[in-house]
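S.K.: Chain residues, written in single-letter form:
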Amino acid sequence: MARLTLDNVTKNFADFEAVKNVSIDVADGEFLAVLGPSGCGKTTLLRLVAGFEKVTSGEIRIGDDVVSGKGGNIAPENRRVGIVFQNYALWPHMTVAENIGYSLKVAKLDKAVARQKVEEALALVNLQGLGDRRPANLSGGQRQRVALARCLVAAPSLVLFDEPLANLDVHLRASMEDEFSAFHKRTGTTIVYITHDQAEAMALADRIAVMDRGRLAQLATPHELYHEPANEMVASFISQGILLPADVLSAEQAGHCKVRVLGQELLVRCRAGEVPRTGAKICCRSADLDVSPDGPGFDGLVKRVVYQGGGARIEFAPSAGPDLTLHFEQPDPVLLQSGSQARLRIKSGWLIPAGVAQG
Amino acid sequence: MSTPIKESRGQETALTAAVAAVIVLLSLLPMLRLIKEIIAPGGTLSSVAIETGLASPSTWIATWHTLVVGIGGTILAVVSGTLVAVLITLTDIRARGALVLCYVLPLMIAPQVTALAWLQLFGPASPFLKLFGAAPPLGTKNPLYSTSGIILLLGVQYGPLVFLLVRAGLRKLPRELVEAARAGGAGWFTVLVTIVLPLMTPSIMAAAALAFVSCVGNFGIPAFLGIPANYLVLPTLIYQRLAGGGPAVLGEAAFLSVLIGVIAMAGILAQELMSRRRDYRISSTSLAADPYELGRWRPWVQAGMWLLIVLVLILPLFGLVLTSLVPGYGIALNAKTVTLDNYRFVLFEHAAASRAFFNSFWLSIAAAFFAVIVAVPIGYLIAWGKQRWVRLLNLSVELPYALPGVVLAIAALLMFLRPIPLTGIQLYNTVWIILYAYLARFLVLALRPTIAGYHQIDRALEEAAQVAGAGLFTRMRTIIFPLVAPAAIAGGLLIFMTALSELTVSALLWSSGSETIGVVMFSFEQGGDSNYAAAMSVITVAVTFTLMLVTNLLAPYLPSGVLPWRD
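Chains Z and H supply the protein sequences, listed in that same order. So for the first sequence, our numbering puts the first residue at 27; every next one is plus one. So for the second sequence, our numbering puts the first residue at 931; every next one is plus one.
Isolated chain H (complex conformation) (with noise of 0.2 Å):
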């Protein structure tokens, strides 16, 4: 009486597979690969490059370097972080929403441009300090070319990193612990350093080891600011060897990038251990407490918070803005001398420079295309998926973002630097190595809205479509992708934003040809061409800024927190 019973998940089967083949690809693989040359190099087990690399004087002193500059940057992010966090989500201070947006800028400007802008602003050539007079000599040293320029900037760069996570800590703060300790007889100043901030320290220890990690990668700064004063992080350190070495390096630089992974790595896991040690957990939910009125200290506390941000994202700008509109190094801006030369220069004349604005534009749009299309069914897997093995691949897709981008970088050079087996493909050498890296570095900015999106969303709404006859694919395209859509494509946006002005990981892939807007950003100002570079800056920044316009058109649609300057 029974009818046969047939299987029919063959189209659920093949999506997995070919998720999971997308992750192996991208994420473990490279992994893999990199470590393979650390412990068997040649295809024979061996402690060589590790015993070469540690022999060398000159990988302690970027050791060194990269800690001070990772652990300084760390403390004035974290400092500066959550006093930020502290003043706008608990006190009564105005116009919240600008003030988080425009603290939170620096964040979607890349840190080079972040570097010129800066060095700009302080350098003996300032045109800002021209127009008051008040530049120092020609010759003078660049007081940012120092460690403490670089941690400053670090902290600079990372610090909205910090507010981000820790506002968003404070606002799942229920009320009642707050108000529990007021009725207690406990004054604000007491309740924020005996209740607010010990349950903030998770949200802070997560913070600090995520800016930890950013500050010990991050290659922008010390490029800019540490190379001319020849203070070498590794990051820096492996640049300055592949260009000078070639392939022939390799195995020094994966050793030397394992060395950044596994600093990184240990900063992760000092969070862990330092957020086990207590119960922080908070069982409750409810309303945000009331802000605290700061009553007559409230015009000097916002006096303060427009001063900050006039002096990390303004007066930057401003600088930045200045450079790119006279003619050469070290000339004063006036009514005579403003041009905007530098700009057809860059866009029109210099033949690297035009190819660049192409190569990244489209490189971006294709990564960001590329991610949208892949992190749907990947989040579908991670967020609805039953198997657990799932999971662990969702902590894979993490790992190539978590690392730093050198990391993966050099990972991308080991794995393509000979032909593709069987296919002969030669990926070395042409932009393609670099569209690789990208979508495994930044894949997850797209699959961590999408799964924020798909925990938003009534499962039911699925299964509806399910009992109404539709197989896994129909449902994907007619249910899943327009429900899910405005989070992927929100992250999609946020990849472009991210890999239009990259740097670190096309530092090392790129060739002639397949230049990026940061490779020529770079060369110029090493070049001592900083006008120009200084103009590369201001368009990306004026893309940057217009796309977030853009992308607040979606926010409507959006869970909250995918858009960062979103208050």
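The shape of chain Z in the complex, shown without the other chains (with noise of 0.2 Å):
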């Protein structure tokens, strides 16, 4: 077990910049999910942690370690880092014992003891008996649990999951998902789990680094992730955030601030330390939003409705904004209809800190 360090890590390719600047502190026995979008750069943030590719600047330290730097990087073989692939990568000419038994091979481990090692690591992921089978004749949840086996009996510092539920079925997801989190309590290994599904990051992880076009865009609890974005990009990624353009009239003050949107003024909340400042933007949920027909407010038009069983989305453009698009979840009876005015009210929200313009 150890800590993994990644200190302004940047990886160009010829002329693109895959990783940018990208500085995390993943803390020894922590479960960290990188998140983002396709083409943000996780993948190669991952394969840059397994020693695949070379930092083009910066250094990424396992435990006390330097493995990538300017020094030169230790060859992935030599890192001691345990890595589940997409698509399991089980070597289809083996059994599922050689499979595991892999790595201890190669290290030249007693033969006994890497039986013994190899019956273990199949009862941990509960495949006792199967040792002899080939990969082909195993079902997927089944492969996925020899690719764990597989990682787990080298003893690595730190295991990386290379979007490991992306070709399974809805129902082994769930199932895998359990798995994974037992499989993080039982062993305290560090972990660094890439995926682009929001709600597999939220449910296994203790932090989530969500990156953004190569730059890590937050890093930060799933809760805070999800209540306090830092800007705009995570506001919008994580659970399809309405973003709103607002003034901010009041400076914070207990944690909120007073903000004029859409012409309708209310309290939202805020970082410590706001000031009054026009351009700001904030981030609602369609929990947040309310139908009221007189009140407080602002009126736009009912552009779209969409029935989704047991209550519709609602797309609604504002009056004061024509250009924008809020969109909430009417549950039954839905009284409003497409081409219709309605009046809508926000109930809460979060301020958008300033920050540094992106780019």
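Hints should not be assumed to be uniformly reliable.
Quick list of in silico lysine-lysine cross-link-like pairs, DSSO-like style, CA-CA up to 30 Å [unchecked claim]:
hint	chain 1	residue 1	chain 2	residue 2
1	Z	Lys131	Z	Lys143
2	Z	Lys96	H	Lys1316
3	H	Lys1316	Z	Lys80
4	H	Lys1266	H	Lys1060
5	H	Lys1316	Z	Lys46
6	Z	Lys131	H	Lys1266
7	Z	Lys329	Z	Lys307
8	Z	Lys373	Z	Lys307
9	H	Lys1060	H	Lys1071
10	Z	Lys373	Z	Lys329
11	Z	Lys96	Z	Lys46
12	Z	Lys284	Z	Lys307
Calculated from the structure, these hints are not laboratory results.
Fit the two chains together into the complex; they arrive one by one in their own frames, and the hints show the way.
M.R.: Laid out in structure tokens, this is it:
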């Protein structure tokens, strides 16, 4: 077990910057998810940590050892990192036991000891008695567990997961999520888990690193990520947050400040030290919106009503900003109709910190 | 706090260096040596070699003949190969697998065997024609000893080559493109002419270029059919010069072989230019189009296809077998005359022939074995490597095979005529020079399937072994080799089959004691002993067909397209 430190890591491919100045500190035993849309650089990040790619600048440390940096790169085979690959990457020409015992064989471990360790690893993932099977004769879930056992058996200092559930069907996903979670509790391994699935990341991780176009957009707990996104990208990416232009009217007081959004004045949550400014953005969730025929709020046009069973998803364009689209769910009975006028009220929201410009 | 970092890339560097050394030795050195002989014979820059070559009228006659049979053979091969590919791929013809197998088989038979088989079929001594009493009187000229005979056989030999490439192209044709045209009101023939064939232009062009290179470089067919009629093409001219003048005329031979290389390259360049003129790229991938229903034409088309198979495959082989069973030239085959004496003679009695079987077998096995061992690491660097220059090396592996065999043979002669510097080892006049040429020429036959094999393997399988702590050599041995082995071994078997009855290279490099099957077969035929030549041919064809059956066992583990005769 060891901590993992990425210090200002940058990776360029020819003229394309895949990873830019990413710094992450993963504590010993922590479960970190790296989340982002495809092409955000998360897989490159994993390959940098594993040693398949060399850093352009910056440094990666596992425990106290610099594994990638100015001084050179330690080859993947010498990093003591375990990887669970997206397609399992089980060697088809070997049995399950041979797959699991491969790293022990490479390390020239005594055969009896190696056999013992393989048995233990099989037991740990509940595959006792399947050691003689070929990977081709296993179900998807079983293969995944063989892959887990294979990376476990070498007692790696760090385990990397590369979108391990992307190829599984929905039912299997849920049960494998439980399995990963239990695996983490049981072994206490430091885990870096790459995924593009927010629900998966939220369910599993202690902290989530959201990546955007090669940069680290935010590194926070799932709860903080949802409620206090650090920038517009995270706000709109996580659970499809709605971004609205706002003017900050009062300075922060007890974690809240007063803003004006689409003509409506309301209190939103914010970071400490916010001061009045214009051109700000707030993030609200569809649960923060409410239909209020009278009282404070703003008028607009119902653009679309998509019935989804038990309720409908409403798309709404406020008159004060016809280019904006607000969406929210209305449970049955759905009274709004597309093309009709309605009045909405924002109940709450989060003021996006001014921060540094993106780019 | 940080521990010292060591660059643990030593194994990779060692592998790259070894691969580079092999490629330089097998591909770059012979080509450079050949060029040096042309522009700087004897070590000083001079145009003497070129001027002498250009001044000789026989050069121009042979060049003209080479172009005539090259272009004629290419046209015949392209027309027949494309037609068969369209009929087999796009229509609902029956027994497709069997048709593909039978049509592609001539490709697996050495050109001089094809030539011999056809000669035996139509000659005045033909046991086949004698069965019906239809043979022309003895002494009549065989109609195949002619320009059109050479063109016909080149077309028969390389039609399957065109067929394979065009068929591969047709199978990638997305059904939507055909269906969109049919929905637009086009009939099947209109679709074929306006959509299918235009989109196949790159495939057909590539096939034509390949057929052209094969035709101008072919030695076996013009040697068997042209030399008796004194119709010389460049490869046979080189052979005759060397046979008559020995090493003294090497300079002239080098010039002629470069001339063949230039003609072959011109064909490839022409193809490049032609295919760049329009955009033929097919972007989507999808299922193949539904086969066109031939309806009441189907029995006729099928009969036509099988008639073609009978003509190009079955009859010639049948004629070959008949010739191998009669005791001598011009004797009719019947229950009294049938004999296995020819087989006994070539296998056990004739010293050079039995030596040739031994030589060819071990040369082919050695070449195949070496190629498999080398193809795995070279393929690794080409398919998965990051260095760009390795891809350039790929081109240089292709070169000795892309160029006609005569070119490589002359280059090998030039390289090894004198003992190897520093070591004093003499390869010239030994069997080792043939082995060297085989290794250089056929390596690519194992490399191509191996690279295809690599592209089918998930790279993560290697990376998983890497994070498990395995170094490059360990990964090669325990993970990579077992995974690409079927493809590499299939390539090795292709090499074995090709090298077994090879003639072009060994005809120029053989010496007494290092005869190959092809060389002895050729000298039997030149001496009028067609029966012995036929017996040797039947044996090699039988070995080749048996090996094809064995190779089929590997088929489930191979990328598609590795075994040309498998549908």
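S.K.: Now tell me, hint by hint, if it's right for this structure.
M.R.: Each hint tested on the structure:
With a CA separation close to 11 Å, the supplied pair Z/Lys131 and Z/Lys143 stays within the 30 Å bound. A C-alpha spacing of about 21 Å is found between Z/Lys96 and H/Lys1316, which places the hinted pair at or below 30 Å, so the restraint holds. Proximity of H/Lys1316 to Z/Lys80 is assessed by CA-CA distance (about 12 Å); at most 30 Å being required, the pair is judged to hold. A distance of roughly 15 Å separates the Cα atoms of H/Lys1266 and H/Lys1060; the hinted pair therefore holds under the 30 Å criterion.
At roughly 22 Å between alpha-carbon atoms, H/Lys1316 and Z/Lys46 fall within 30 Å of each other, so this suggested pair holds. The straight-line distance between the Cα atoms of Z/Lys131 and H/Lys1266 is roughly 69 Å, outside the 30 Å bound, and the hint therefore fails. For the given pair, Z/Lys329 sits about 23 Å from Z/Lys307 by alpha-carbon distance, which is consistent with the 30 Å threshold. A distance of roughly 16 Å separates the Cα atoms of Z/Lys373 and Z/Lys307; the hinted pair therefore holds under the 30 Å criterion.
Restraint check for H/Lys1060 and H/Lys1071: satisfied, since their Cα atoms lie roughly 16 Å apart, inside the 30 Å limit. At most 30 Å may separate the alpha-carbon atoms for a hinted pair to count; Z/Lys373 and Z/Lys329 meet this at roughly 21 Å. For the hint linking Z/Lys96 to Z/Lys46, the alpha-carbon distance of about 16 Å falls within 30 Å, and the restraint holds. For the proposed pair Z/Lys284 and Z/Lys307, the alpha carbon gap of about 13 Å is at most 30 Å, so the pair holds.
Checked against the numbered hints above, the structure violates only hint 6.
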